[in-house]
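The lines below spell out each chain.
4 protein chains.
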Amino acid sequence: MTADLSRFELDVRFAETDLMGIVHHATYLVYFEAARVDWLKKRGAFYQDWAALGAHLPVAEVKLRYKKPARFDERLVVETRLVEAKRFSLRFAQEALRSGELLCAAEVLLACVGDDLALRRIPDELAAVLGRGELARE
Amino acid sequence: MTADLSRFELDVRFAETDLMGIVHHATYLVYFEAARVDWLKKRGAFYQDWAALGAHLPVAEVKLRYKKPARFDERLVVETRLVEAKRFSLRFAQEALRSGELLCAAEVLLACVGDDLALRRIPDELAAVLGRGELARE
Amino acid sequence: MTADLSRFELDVRFAETDLMGIVHHATYLVYFEAARVDWLKKRGAFYQDWAALGAHLPVAEVKLRYKKPARFDERLVVETRLVEAKRFSLRFAQEALRSGELLCAAEVLLACVGDDLALRRIPDELAAVLGRGELARE
Amino acid sequence: MTADLSRFELDVRFAETDLMGIVHHATYLVYFEAARVDWLKKRGAFYQDWAALGAHLPVAEVKLRYKKPARFDERLVVETRLVEAKRFSLRFAQEALRSGELLCAAEVLLACVGDDLALRRIPDELAAVLGRGELARE
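Protein chains in written order, with my numbering: chain S, 3 to 140; chain W, 3 to 140; chain X, 3 to 140; chain F, 3 to 140.
In case anyone wonders, no lab produced these hints; they're calculated from the structure. Among these hints, one or two may not hold up.
As the list makes no split between identical chains, a pair holds if one copy fits it or if it spans any two.
[What the hints assert, rightly or not] Here are the simulated lysine-lysine pairs, BS3-like style, with alpha carbons at most 25 Å apart:
no., residue 1, residue 2
1, LYS88, LYS70
2, LYS43, LYS65
3, LYS88, LYS43
4, LYS44, LYS88
5, LYS88, LYS69
6, LYS88, LYS65
Note that the coordinates shown come from a computational prediction; the quantities given were computed from them, not determined experimentally.
Take the sequences, apply the hints, and build the full model.
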């Protein structure tokens with residue numbers, strides 16, 4: 003596993019399915035968001051910390067490709083990689099997999115904004131953790 | 003139509019169904035909330051106004067009885083009645099109906115809290131509109 | 003208004019916001035889906051009809067660009083255009099607007115699949131309505 | 003831990019909060035549902051098994067009391083107890099806790115229905131597991 007990769011597991015909830023019997027396509031954005039939060043936490047960057055610095059990371063752009071459907075109660079793994087870190091933005095590549103099979107791939111561009119929702123530089127405290135691999139878990 | 007009653011229409015969205023092909027039971031809380039917002043607006047009480055007064059109305063208790071399922075793209079009507087207004091709380095009775103048939107009934111207790119989420123009296127400006135019927139629409 | 007364009011109105015629900023006080027980015031997929039359902043209905047194509055033909059239109063790819071945040075209780079308009087109709091797929095361009103200001107733009111590719119979720123041709127009955135403008139409302 | 007009790011852990015997702023900065027009240031129904039699915043699985047009853055028997059357990063009634071708000075990224079524990087098993091229904095008592103503090107309490111009545119959504123007896127195969135404690139995990 004390279005330093006920029008983390009894996010996040012989840013079980014599909016009943017409420018996340020739709021009448022076609024599969025996970026609704028909007029749900030993957032929720033999964034990918036949870037996986038990015040996990041990616042940052044595993045490197046020591048907690049939401050509360052950077053929100054306290056007045057920095058937020060809303061989604062600016064996203065591309066999603068849906069390859070296979072997921073179903074209720076399946077165990078999925080989301081693989082998340084940081085593929086680009088600029089002064090005002092981060093780009094992640096993410097994949098939702100089931101037993102190694104790709105279900106949905108995403109490319110997500112996050113912009114760094116302040117409490118006023120205007121663009122601002124990524125705080126040094128946050129930028130510093132981005133090159134890290136996962137911290138050892140105590 | 004009595005003064006305390008308002009009706010709110012909505013169309014069931016695809017994303018609101020689950021794998022049983024029916025509206026997921028948690029969705030009704032979203033419908034009922036939207037109908038209460040509408041009830042207040044029709045009497046001249048806009049969320050922004052009372053939020054500016056530092057008053058919020060989170061749900062403190064709710065009872066739901068599910069009688070019949072709703073399905074994708076059905077037109078539902080939510081009937082909302084204020085059944086009790088106290089100094090710190092409001093109680094609404096709500097019903098989701100399809101062509102007059104009861105699908106789900108709710109009793110919802112809202113507590114009035116401040117920006118700190120502590121209990122506070124309902125502001126006079128808000129209390130004043132509760133006895134009103136719907137305002138005429140321009 | 004050209005034949006391929008339809009407009010769909012909605013009011014932002016409280017439950018659709020997140021802790022940043024804005025509409026959560028996944029919610030736009032729900033809005034855009036509702037607007038496509040409306041687009042098809044306005045041309046005489048009801049979900050029940052083509053589902054009865056064993057045809058479904060899941061999302062295969064989507065690109066979203068978020069330009070401005072939307073907030074609770076705002077009235078949004080979603081403009082939907084069919085930009086490409088092939089034998090197995092449809093491509094829509096959609097925009098969520100507030101008072102004419104662009105909030106979020108989407109490009110959505112739908113694949114036509116059967117009850118078994120395998121690719122199939124778009125049924126003639128459905129293809130026939132795609133070139134239509136909105137039907138007159140009775 | 004008594005035989006009828008199971009614990010289910012979850013982390014609050016960003017998308018589950020609302021503009022008040024707390025977990026939206028409808029979200030708890032999703033949490034409680036996931037915890038009941040987990041309760042059944044820990045006793046050997048998988049959704050796929052009883053769905054294959056043509057048995058479903060939709061929510062017929064629910065009472066919720068909201069005591070304290072939960073916030074983004076908090077670790078919650080849902081405690082689930084079966085408090086009544088009848089021929090056509092099950093009643094669960096559930097609590098969402100944070101570090102032992104009660105946030106939300108629920109009483110949930112499930113009805114057993116067939117594929118046609120009409121009431122039916124709980125299948126023996128399912129009834130048999132209800133008195134069990136959690137199975138040992140391999």
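Up to 25 Å CA-CA - LYS65 versus LYS43, copy category: within (24 Å within a copy, 27 Å between copies)
Intra- versus inter-subunit Cα pairing at 25 Å for LYS44 with LYS88: within (20 Å within a copy, 44 Å between copies)
With identical chains treated as interchangeable, where does the CA-CA distance between LYS88 and LYS65 reach 25 Å or less: within a copy, between copies, both, or neither? both (19 Å within a copy, 21 Å between copies)
Up to 25 Å CA-CA - LYS69 versus LYS88, copy category: For LYS88 and LYS69, the Cα distance is within 25 Å only across copies (19 Å; inside one copy 30 Å).
When no copy is named, should LYS88 and LYS43 be tagged within, between, both, or neither for a Cα gap of at most 25 Å? within (20 Å within a copy, 44 Å between copies)
For LYS88 and LYS70, with the copy left unspecified, which applies at a CA distance of at most 25 Å: within, between, both, or neither? Only across copies: LYS88 and LYS70 sit 21 Å apart there, 32 Å inside one copy, limit 25 Å.
Violated hints for the displayed structure: none, as all numbered hints are satisfied.
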